[in-house]
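Using the sequences and the accompanying hints, generate a full structural model.
Protein chains: 4
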Amino acid sequence: MTTKRYESKEPELDVLYQDMSDHDLQPLWEMRGLLTPEPNPRTVAHRWSAKQMRALGERAGQLVPIDRGGDRRVLACANPGLGGAPYATSTLWAAVQFLGPREAAPAHRHSPSALRFVLEGDSVWTMINGDPLHMAAGDLILTPAWTFHEHHNPSDKGMLWVDVLDLPTVEFLEAVFFEEGPSEEVIPKMDAQSASEKLYGSPGLVPAGQAAQPSGNYSPLLAYHWADTDAALRHQADVSGETDVTVRYTDPVRGGDVMPTMRCEMRRVAAGTKTSAHRQSGTRITTVLHGSGRITVGNNEFDVEHGDIIAIPSWAWTTVHANPGVEDLDLFTTSDAPVLSALKLFREEWS
Amino acid sequence: MTTKRYESKEPELDVLYQDMSDHDLQPLWEMRGLLTPEPNPRTVAHRWSAKQMRALGERAGQLVPIDRGGDRRVLACANPGLGGAPYATSTLWAAVQFLGPREAAPAHRHSPSALRFVLEGDSVWTMINGDPLHMAAGDLILTPAWTFHEHHNPSDKGMLWVDVLDLPTVEFLEAVFFEEGPSEEVIPKMDAQSASEKLYGSPGLVPAGQAAQPSGNYSPLLAYHWADTDAALRHQADVSGETDVTVRYTDPVRGGDVMPTMRCEMRRVAAGTKTSAHRQSGTRITTVLHGSGRITVGNNEFDVEHGDIIAIPSWAWTTVHANPGVEDLDLFTTSDAPVLSALKLFREEWS
Amino acid sequence: MTTKRYESKEPELDVLYQDMSDHDLQPLWEMRGLLTPEPNPRTVAHRWSAKQMRALGERAGQLVPIDRGGDRRVLACANPGLGGAPYATSTLWAAVQFLGPREAAPAHRHSPSALRFVLEGDSVWTMINGDPLHMAAGDLILTPAWTFHEHHNPSDKGMLWVDVLDLPTVEFLEAVFFEEGPSEEVIPKMDAQSASEKLYGSPGLVPAGQAAQPSGNYSPLLAYHWADTDAALRHQADVSGETDVTVRYTDPVRGGDVMPTMRCEMRRVAAGTKTSAHRQSGTRITTVLHGSGRITVGNNEFDVEHGDIIAIPSWAWTTVHANPGVEDLDLFTTSDAPVLSALKLFREEWS
Amino acid sequence: MTTKRYESKEPELDVLYQDMSDHDLQPLWEMRGLLTPEPNPRTVAHRWSAKQMRALGERAGQLVPIDRGGDRRVLACANPGLGGAPYATSTLWAAVQFLGPREAAPAHRHSPSALRFVLEGDSVWTMINGDPLHMAAGDLILTPAWTFHEHHNPSDKGMLWVDVLDLPTVEFLEAVFFEEGPSEEVIPKMDAQSASEKLYGSPGLVPAGQAAQPSGNYSPLLAYHWADTDAALRHQADVSGETDVTVRYTDPVRGGDVMPTMRCEMRRVAAGTKTSAHRQSGTRITTVLHGSGRITVGNNEFDVEHGDIIAIPSWAWTTVHANPGVEDLDLFTTSDAPVLSALKLFREEWS
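Chains as they are written, first to last, in the numbering used here: chain W, 1 to 351; chain R, 1 to 351; chain A, 1 to 351; chain Z, 1 to 351.
Don't take every hint at face value.
No distinction is drawn between identical chains; accordingly, a pair holds when it is met within one copy or between any pair of copies.
Unchecked claim - Under the rule of at most 30 Å between Cα atoms (straight-line distance), these lysine-lysine pairs were calculated in the DSBU-like manner: (1) K9 / K51; (2) K189 / K157; (3) K51 / K4.
Keep in mind that the hints were calculated from the coordinates and are not lab data.
What follows is the structure, encoded as structure tokens:
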């Protein structure tokens with residue numbers, strides 16, 4: 001019997017509560033904190049240090065092999081507020097994945113959606129349903145729900161990237177499905193450009209034929225390379241004259257977010273700039289690509305640098321202060337905003 | 001420190017795991033059951049008996065007063081699979097609410113959406129943003145997200161209904177907001193028909209003026225009375241010749257489900273009929289309005305009668321067998337299907 | 001050679017214009033009135049008198065038989081501004097159709113959408129894809145694009161209704177398709193209620209099963225009876241306290257207008273009320289159902305009574321003055337507003 | 001009196017027809033060709049020769065000045081089937097526009113949407129609401145509905161482009177609005193890249209801030225340069241292995257066509273290839289950018305080369321045969337397909 005048993009000093013009421021518990025019922029009038037004026041997040045603000053993750057990852061690289069029978073060499077960020085669950089926030093999984101020289105992670109697919117944001121290296125190819133996507137630092141690679149995906153590192157150098165998944169959300173909704181890929185070893189044809197990028201990577205231009213129309217519920221453009229993102233940020237800063245600019249990754253055919261459950265954005269805060277405060281309902285994961293600075297989340301202050309991962313709880317005021325110097329602070333953020341928007345629960349405020 | 005600490009018999013690995021735990025990281029390769037071939041629901045199939053709920057509710061009615069300073073007299077269904085949480089399924093709250101003679105439940109509003117499905121009585125008025133809606137057995141009353149709602153029973157007889165809320169979902173998303181209503185006592189004008197019903201209750205006809213267009217993210221028709229639902233079921237059975245028919249409650253202005261997070265349907269299984277099996281991703285709450293029979297959910301069989309509440313986990317095969325006799329089995333079901341559909345996670349199958 | 005030949009008093013230019021004309025080209029700089037500050041409608045404001053239409057229709061009834069080889073007995077309203085075309089406005093066809101005792105109009109279908117608004121009688125059944133819809137005064141019956149439709153009058157009394165079609169629009173777009181129905185005589189089963197009404201005629205309730213979901217691009221509810229429309233008008237006046245109220249006919253499953261090209265509304269102006277002025281882009285056809293009064297369209301004033309049809313050009317200020325007395329003025333209006341809205345060309349203003 | 005007067009050899013009927021005509025009514029049963037099995041287009045297949053248009057344009061350049069008080073130097077294509085109207089098809093305007101050295105066309109805006117497709121030159125800047133867009137051969141420039149636009153040629157060389165507008169459609173709908181721009185001479189800042197391109201020209205990346213979100217009903221990307229279009233065609237041919245490929249110009253923020261009334265596509269038929277036949281409802285304008293070949297439209301065959309303009313009527317079977325040799329045939333086509341799609345009148349077939 002797991003139903004919570006309420007207690008009362010009035011004997012009759014106490015007996016009633018025992019009987020209710022016996023029948024898996026609970027008295028609303030005894031509950032506290034069910035409906036709070038503002039969100040009372042379980043997620044806590046937290047920073048995972050790139051230095052620590054790298055050191056632990058290297059030790060894991062020596063001790064844990066990756067092979068066909070094995071699994072991914074991944075360190076999952078476990079938010080201290082979530083009771084030991086391996087989730088970075090209540091709704092999002094975040095982890096660092098290491099793929100050593102000549103290693104490969106075999107193909108599988110699952111109903112949770114995933115993305116890879118590359119921190120270091122330029123030698124891995126991710127295959128999505130057989131289409132090889134090149135990965136290099138600053139690139140965003142999508143591995144959307146129910147697409148077969150595998151990673152190959154044919155080089156002599158290791159690679160390091162951040163995985164973000166909507167796994168906690170899909171698990172909460174009791175909707176996790178999973179399938180192993182075909183067991184034969186596929187040797188990917190390593191093209192300079194994937195079919196996905198060739199078909200959907202020209203600005204404002206998409207294939208017109210029926211056969212080429214994307215059938216999935218996600219962006220048919222699966223790779224967003226750093227050179228394009230960097231240019232878009234630079235141009236936006238140029239046009240707007242602002243020192244705090246953000247680009248959103250979108251579906252080039254249907255518009256809107258790249259996947260139904262996760263919004264991806266890159267924000268550039270110019271060196272020396274302190275932004276105004278902002279908060280939104282739902283949670284976020286931020287990864288530092290370039291630069292350094294201080295991120296304030298509610299009452300927490302985190303000094304951040306390349307590779308650090310920060311969890312931002314719902315409705316927490318957030319401010320970014322980029323260190324002065326030559327390098328701007330580039331922050332890659334994944335949020336569950338498409339979920340909250342679809343359910344009409346999205347709110348945001350600026351101070 | 002709450003992060004789970006993995007263990008290994010290899011000393012080096014065990015030290016690594018300790019260090020990872022110290023830094024709120026967890027090794028993916030040690031995790032089991034994260035990605036399962038099919039959903040592995042925490043929700044378990046369960047029935048709450050109307051007889052038990054009524055008996056306990058009557059005892060609570062004698063012991064627990066409802067007044068302005070107090071709260072609702074509500075018994076919450078606590079699913080045995082959810083570790084003591086007061087939730088009927090992973091995503092839905094279900095409860096029975098008793099409102100005694102001359103009692104009132106004061107106004108408040110919250111970001112979770114709610115609905116009331118009436119089991120007995122015909123003497124309560126629910127006020128939504130000041131608009132009085134009459135409640136009687138078989139009626140569905142919506143109290144959508146962020147609408148002020150209050151309940152008044154000016155009669156000498158008690159009332160009994162089922163509350164369903166998306167509270168577990170909104171709480172999971174860290175998006176609960178709440179506000180008390182104005183503290184002065186409002187004496188509702190008890191009309192036979194609310195403004196909501198007058199404006200939006202004619203089939204296929206809506207107000208054309210701008211001022212009358214609904215601004216909320218929910219059906220502007222807030223009450224669906226049993227006579228209409230019964231007629232729609234009868235007519236559909238008549239046209240289709242089927243002994244298993246279902247009507248869906250919809251938004252008369254925009255079409256689609258009545259609220260962004262919950263789908264409401266009434267199903268009529270003719271006396272003596274056994275339906276084919278069906279399953280869907282996401283969870284459901286079913287309440288028996290009329291008739292009796294047996295509902296099979298996975299390996300569980302529940303004999304059901306008027307007022308019983310049944311929790312149906314994700315992806316469990318479900319069959320309904322209506323008892324032979326004069327009375328058809330009428331089942332009111334609320335599901336989280338709009339959530340799964342919006343996130344492209346909805347799947348269903350028939351055997 | 002039909003290309004317009006521009007002329008010039010400068011000889012060289014005149015030769016150029018001749019050469020241009022010879023090659024089907026025209027000089028933009030000589031054109032006048034191509035881009036006007038406001039719409040310069042070809043449609044003129046016009047009233048067709050019910051008395052005249054009835055008298056002419058009765059004479060036609062004696063002279064023109066309706067049989068399988070023949071066609072509909074229809075008098076088409078020809079707007080004086082449209083150069084002899086049989087169209088009531090630039091975009092809409094309007095006509096009165098007479099169906100004598102024991103007459104029938106055979107089945108056919110076409111890509112233009114049509115509707116019937118009944119002025120007198122209660123003895124005709126329209127079959128839509130085999131589903132019989134009863135027609136009586138004040139009813140709106142849809143015969144959407146590409147549905148087979150036929151009319152049957154099994155009684156001893158004649159019937160009179162108004163047809164409105166989007167034919168000018170579809171003809172303009174070079175998209176008219178047409179097919180005769182099956183040639184065998186079908187004797188319709190005259191039910192009190194059609195399958196369409198049984199499945200979709202309950203307020204806010206629609207069939208949930210896949211088989212019952214409508215596949216067409218139009219409202220699956222095909223008949224809107226006067227009793228419902230009258231009640232909706234009365235209720236809206238009651239709630240709003242206004243003497244000028246309008247209900248819009250909508251698709252109960254998807255929301256929005258009943259057909260992709262035509263908006264249907266019923267407006268009730270209380271006896272003695274003079275409305276404020278309004279104008280909108282696009283054209284409209286208004287038919288008087290009850291009452292009498294004066295309708296001002298631009299500089300034109302029309303005294304109107306039961307059965308009169310009025311053409312309203314684009315962007316013309318329009319005011320309605322209902323005669324004092326016991327009877328309110330009920331006006332049924334069809335517009336091309338869904339077309340202008342879809343193409344982002346809809347504008348409207350109130351004085 | 002313009003209403004058509006029908007005649008009959010039966011004296012009584014002939015009198016009836018006279019009386020009907022007197023009251024602006026027409027007998028449906030005498031009408032022929034109103035509802036045809038397939039579209040009976042007024043538009044005829046036609047080719048306007050680039051050589052002729054250039055020769056006539058040069059003569060016009062010498063005779064017709066362009067200045068602030070004047071207008072655009074534009075030769076409008078007048079389809080021989082449209083009774084002398086200056087329209088290339090029933091729904092689309094097409095014309096060639098010449099802007100001489102140091103000439104400018106002043107600012108105005110109108111509810112019809114327009115586009116410019118450049119055939120020759122690289123020295124003109126089009127200003128859209130003050131944003132300067134560079135124009136060169138092969139570029140598509142949008143001047144959407146109700147945006148102020150002006151053209152400036154600061155160079156010593158003339159420019160030549162094709163204008164396509166939805167003017168016939170907007171005029172048919174009686175929805176033409178027009179406004180002159182501010183009369184003061186604005187000297188445009190001639191940037192290499194417009195703000196539009198800087199903000200929306202990166203593949204799959206858009207500004208995230210509210211201020212940068214586009215408010216109009218059209219693509220915020222206003223220029224599509226040839227280098228990108230050419231690359232997209234090359235890549236698609238490469239991925240698909242096809243010799244007949246088409247890219248569609250789209251709105252990078254919302255997806256879908258660039259403007260609500262016109263679809264733009266570029267098709268590349270490899271040298272020597274003969275395509276299969278295709279037809280669609282609605283009309284099209286095709287302009288030859290590169291290569292030469294033969295286009296068959298229904299029973300008409302047109303030999304085409306750079307700069308030729310071809311009108312394609314609704315539902316006419318169309319085949320393209322690119323001449324063998326080194327140069328592929330690149331065809332820019334504008335259609336009214338978004339209109340027909342929005343109104344659910346779009347049909348297409350392949351042989």
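Structure-based check of all given hints:
no. : hint        : verdict
1   : K9 / K51    : between (54 Å within a copy, 27 Å between copies)
2   : K189 / K157 : within (19 Å within a copy, 49 Å between copies)
3   : K51 / K4    : between (43 Å within a copy, 21 Å between copies)
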